[in-house]
Structures are given as C-alpha cells and as structure tokens.
Amino acid sequence: MFFLTTMNLAYVVKEEMAIEAWTHSEFCCRKYTLKSLDDNLYIIYFLCKTVKELWKSLEIKYKIDDVGSKKFVICKSLKYTMVDS
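Under this note's numbering, read the sequence shown as residues 177 to 261, first letter to last.
The set of hints was computed from the structure by calculation and includes no laboratory data. Positions of the beta carbon are idealized from the N, C-alpha and C atoms, including for glycine. Any given hint could turn out to be false.
Said to hold, decoys possible - Cross-link-like lysine to any residue pairs, in silico, SDA-like; alpha carbons within 25 Å at most:
id: 1; residue 1: Lys239; residue 2: Glu202
id: 2; residue 1: Lys207; residue 2: Thr226
id: 3; residue 1: Lys237; residue 2: Asn216
id: 4; residue 1: Lys228; residue 2: Leu213
id: 5; residue 1: Lys211; residue 2: Lys225
id: 6; residue 1: Lys237; residue 2: Tyr218
id: 7; residue 1: Lys228; residue 2: Cys205
id: 8; residue 1: Lys239; residue 2: Ser212
id: 9; residue 1: Lys232; residue 2: Phe203
id: 10; residue 1: Lys232; residue 2: Leu217
id: 11; residue 1: Lys237; residue 2: Glu196
id: 12; residue 1: Lys237; residue 2: Cys224
id: 13; residue 1: Lys232; residue 2: Leu213
id: 14; residue 1: Lys237; residue 2: Ala197
id: 15; residue 1: Lys211; residue 2: Val227
id: 16; residue 1: Lys228; residue 2: Thr209
id: 17; residue 1: Lys211; residue 2: Glu192
id: 18; residue 1: Lys207; residue 2: Lys225
id: 19; residue 1: Lys207; residue 2: Ile195
id: 20; residue 1: Lys207; residue 2: Glu235
id: 21; residue 1: Lys239; residue 2: Ala197
id: 22; residue 1: Lys232; residue 2: Glu202
Said to hold, decoys possible - Pair by pair, the computed Cβ-Cβ distance ranges are:
id: 23; residue 1: Glu235; residue 2: Lys207; range: 16 to 24 Å
id: 24; residue 1: Asp215; residue 2: Ile195; range: 31 to 39 Å
id: 25; residue 1: Glu192; residue 2: Lys237; range: 31 to 39 Å
id: 26; residue 1: Asn216; residue 2: Ile195; range: 32 to 40 Å
id: 27; residue 1: Glu235; residue 2: Thr199; range: 16 to 24 Å
id: 28; residue 1: Lys237; residue 2: Lys207; range: 14 to 22 Å
id: 29; residue 1: Glu192; residue 2: Tyr218; range: 28 to 36 Å
id: 30; residue 1: Ala197; residue 2: Trp231; range: 17 to 25 Å
Given these sequences and hints, build the entire structure.
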C-alpha cells in the first residue's frame, strides 16, 4: 500500500474511490471527445450517454469512410503498370 500511496495510485484499491475515479475519467473523456467535434457533429453526438456509445458510433461512421478510400487506393495500385521507354 505504501508504494501505491507514493505513486498516488492508492485510490484504485478502494472501491468507492475507484468508482469516483472512473466516473470522473468517463466525464473528462466524453467532454474532450465532444469538444474536438465540429458544432454540427456535436449536436448529433451529444445525445450519446456514455463514452463507449459515443466512441462506437463515431467508429462506425468514420471506419466505413476509411474503408472506401482504402479500396480506391488498392484498386488504383492494382491497375498501375510500368511501360518500357
């Protein structure tokens, strides 16, 4: 316990403090994520109640767009041919 106290990590061992720390971390993460969004996106994603729900919805939205761009790059590279001059 001395080491945890020295490293300022003793709150992890105590149940109530762990729940409080988790709640605070969730609050901060949600606010930081929402703050980084554009105003139009903020209005849409503000309705998500938890960070996990927010993260999953953003991941679903933007991973699909990313896959489409990767397919385009791969298709373009497959059509690439070298020509002797």
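- Query: Under the criterion that the straight-line Cα-Cα distance not exceed 25 Å, is the pair Lys211, Val227 satisfied?
  - Reply: holds (13 Å)
- Given a hinted range of 17 to 25 Å, is it respected by the beta-carbon distance of Ala197 and Trp231? At 19 Å between Cβs, range holds.
- Message: Check whether the Cα positions of Lys228 and Leu213 lie no farther apart than 25 Å.
- Response: holds (16 Å)
- Task: Confirm or reject the claim that Glu192 and Tyr218 have a C-beta distance inside 28 to 36 Å.
- Result: The hinted range 28 to 36 Å holds for Glu192 and Tyr218, with Cβ atoms some 33 Å apart.
- Message: A range of 16 to 24 Å was offered for this pair. Does it hold for the Cβ distance of Glu235 and Lys207?
- Response: holds (19 Å)
- For the pair supplied as a hint, Lys207 and Thr226, confirm whether the alpha-carbon distance does not exceed 25 Å. With Cα atoms ~11 Å apart, Lys207 and Thr226 stay inside 25 Å; holds.
- Item | Proposed proximity, Ala197 with Lys237 (alpha carbon, max 25 Å) | violated (30 Å)
- Agreement of Lys239 and Ala197 with the hint, judged by alpha carbon distance not exceeding 25 Å: violated (30 Å)
- Query: Straight-line Cα separation of Lys237 and Cys224 no greater than 25 Å?
  - Reply: With Cα atoms ~14 Å apart, Lys237 and Cys224 stay inside 25 Å; holds.
- Query: Regarding the pair Lys207 and Glu235, is the alpha-carbon distance no greater than 25 Å?
  - Reply: With a Cα-Cα distance of about 17 Å, the restraint between Lys207 and Glu235 holds, given a limit of 25 Å.
- Is the hinted pair Lys237 and Asn216 satisfied, with a Cα-Cα distance of at most 25 Å? OK: Lys237 and Asn216 at ~15 Å, within 25 Å.
- Item | 25 Å limit on alpha-carbon distance, applied to hinted pair Lys232 and Glu202 | holds (15 Å)
Hint violations for this structure: numbers 11, 14, 17 and 21, all remaining hints satisfied.
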